[in-house]
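Visitor: First to last, the protein sequences are chains R and V.
The first sequence lines up with residues 1 to 386 when you count with this note's numbering.
The second sequence lines up with residues 1 to 305 when you count with this note's numbering.
Check the hints yourself; a few may be wrong.
Stated by the list, open to error - A few chain V residues that don't get close to chain R, going by computed Cβ distances all over 12 Å:
1) Thr-83
2) Leu-120
3) Arg-144
Claimed, not checked - Residues from chain V shown here face chain R by an in silico Cβ test under 8 Å; the list is partial:
4) Glu-8
5) Gln-15
6) Thr-131
7) Pro-135
8) Gly-137
9) Gln-139
10) Ser-215
11) Gly-219
12) Thr-253
13) Thr-255
14) Ser-273
These aren't lab readings, by the way, just hints derived from the structure by calculation.
A virtual CB, placed ideally from N, CA and C, is assigned to each residue, including glycine.
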Amino acid sequence: MKFKSLTKFALCSVAALGLSGAAMAESHGGKVKIGMITTLTGGGAGIGADIRDGFMLAMDQAGNDNIEVVIEDDQRKPEIAVQLSDKLIQSEKVDILTGIIWSNLALAVVPAATAQGKFYLSPNAGPTQLAGKGCHENYFNVAWQNDNLHEAAGAHATASGFENAFILAPNYPAGQDALTGFKRLYEGELAGELYTKLGQTDYAAEIAQIRASGADGIYFFLPGGMGISFLKQYADSGIDLPVVGPAFSFDQGILQAVGEAALGVQNTSQWSKDIDNETNKAFVETFQAAYGRLPSLYASQSFDTANLILSAVAKADIADQDAFREALRAADFASVRGDFRFGNNQHPIQDIYVREVVKEGEIYTNKIIGPSLTDHQDVYAAECAL
Amino acid sequence: MTTILFFEQLLNGLQFGVMLFLMAAGLTLIFGVMGLINLAHGSLYMVGAFAAAAVAGWTGSFALALVASLAAAAMFGAIIELTIIRRLYARDHLDQVLATFALILIFSEATRWVFGSFPLFLNVPDALSGTVMLPGGIQYSLYRLTIIVIGLIVAAGLFLLISKTRVGMRIRAGENDREMIGALGVDISVLYTLVFALGAALAGLSGALVGAIQSVEVGMGEPVLILAFVVIVIGGIGSIKGALAGAILVGVTDTMGRTLLPILFGTFMEASSATAVGSALASMAIYILMAGVLLYKPTGLFGEA
C-alpha cells in the first residue's frame, strides 16, 4: 500500500515535471506562435484578406502542427494595432508578429515589438524609418523598402519620356516615401507635387490642378479604395495624359472595380502572376483554387513571408533567437519572385518589373512587359549598422 | 492660380457640398423630428451604393440602379426603424449612439458576408461620362454637374415637402412638440417610420451617386458620416436650410483648402514641405470652420436654442 502510494507520488511528480516541461516546450521547444495583425474591416479590408489568405495558404500547404497563427483585425487604426500587439505579446505570448499593411501602423507597432525581443516580419509596410538608422536585428521586411517600387516607377517614367510629371500620394509615411522614391530616379521636371488626405475619396480638386498644371504625365500612389476613386474620376475628367504608378494602385483586388479605366496603364512591381518559375505557377494555381480569385502582390508577399518563417522553423529552434535569426537571414526558401535575398538591413534585394494592365477574358489583370531595376537595394541600407 | 481653375474648384466644392447635403438632410431630419442620433446613417449610404452596384451589374442600367438604391435604403431604413430604432426614442442619447453603432457593425459584417471584402464595380453611365465645356472655358465633368443638379432638385423638393404639404406640416409640428402632435390624433409612429425611411432613401441615393465615381466598399459610409455630422452641427441641428448651407460651406472650405493652402505655404516655404504642411492643415480646415461657427453661434447657423 505504502509502496503503491509512493509510486503514485513519484508518478505524479514525474507527470507534473513532464507537464511543466511540456509547458516550457510550448513557449520554446519546437512550437511557434505567430500573431498576425492586419486590416480586415473598413477601407483596405481587401488588402488584409489577401495578406491573410496568402499567409494561410502557405501554412496550410506546409501542414506543420507546431505552428499556430492568431489573426487580429486592426481596422487600419494605429491605436488599435498597438493594443493588439500588446495583447498578442503579453497574453497570447506569440514569438513572431507579422501582417501590418500600413506604414503608420507599422511604425507604431514594430519598434516596441522588436524591443521586447519578438521577431517582426513585414509582409508589406517598409517605412524608411525602419530601414536606415532605425533598423533592428529582429525586424525583417519580406516585401520591399517603401521607396523601391516608386524608384522603379521614377526610372520608368524617365525611360518613357516624361519630362514634366505631376505626382501625388497620400499624406502618411508611405506616401512621403513614395514621392521621395519617385524623385530619386526621375530625371525630368515636376509640374506639381501633391499630398492628399489618407482615405480621401474625392479627387476633383486634385484633377483640376493636374489639368491646369501643363503636365505631360502623371504618377500617383493611392493604394486600395483611394486608387479606385482616383482612376474612375480621372477617366471621367477628359484628361488624357499617360499614367504611371506602383503596383499598389493597380493590384488584382482593385482592378475589377476600376474596370476599363485602368487598361494599358503601366505600373511597377516586384511580383506579377506571370513571373516564370515553378513556385509562382503553383502559388497562383493553388491560390485561385482555394479562394476563387487571382492573388494580388499583397498575397504573394505574405505567401513568401510564411514560407520564410517555415524555412527558418525547419532549421532552427525559435528559443535560440540567434540561430533562428540566422536562419531567417539566409532566406533559404523558394520565393514566388524567383531570386530573393536580404541586404544588411534585412530588406530585400530584388528585381522590379514594369507591368501593364490587360484584360484576360473577363478579368482585368497585369502582365510583365519588361524589367525596370535589377538586383535593386534601398539606399537606406548604408545607414543601417547591422 | 488662374481664374478658370478657381471657378472649377468652386464648382467642385459645390458638388461635394451637394453630396454632403443629401447625407446631412436625412440625418438632421431624423434628429429634428425624433430626437435620435443615428450613427447607422452611413450604413444606409453603403446599402444604397451596394444595391446600385448589384443592380447595375445585373441589368446594366444606371437609372434602375438609382431606383434600387433608393428602394433598398428606404426598405432597410423602415425595417430597422420598426424593429430597433423605435425602442430608442425614449432613451437618452448614449443608448442611441451605442445601439446605432452596433447597427454599423452588423450592416458592415452582413455586407461583407454577402458581397465579400473586395470593392464592387459601379461606373458612370455612358450617357453621363466625359466632360462639357461651361461658359468661361471651364471643362467640367458632366456626371459631377448632374450630381449638382440632382442635389439641388432634391433640396428644392424637400423645401416644398416640408413647407407646403400636410406631411411636412406634421414633420414641423413633430419637431416642435412630439407629445402634442400625438395627442392631436396624428399617428406619430407612422410619421416616424416615414421620416426615417425618407432620410434613409436620401442617404442611399447619395451612396449610389457617389459610388459611381468612388470605390464601393464595406465601410465607405463612416468617413462621410463624420462630415455629415460636422455639416449639421454647423448648420444647426434639425434645420434643412441649415444642412444645405452647412454642406455647401463645408464642401467649398474643404476643396478650396486643399487647393489654396499648399499654394499659400508655397510662397514662403520649400515646395515639398509646403505641400505636406498645407495638406495637413487643409484636412483640419472644416473642423476649424466648425469651431469658428460654434464660437459665434453655439446652436449653429440656423439652429434654434
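Visitor: Any of the earlier hints contradicted here, and which numbers?
Guide: 2, 3, 7, 8, 12 and 14
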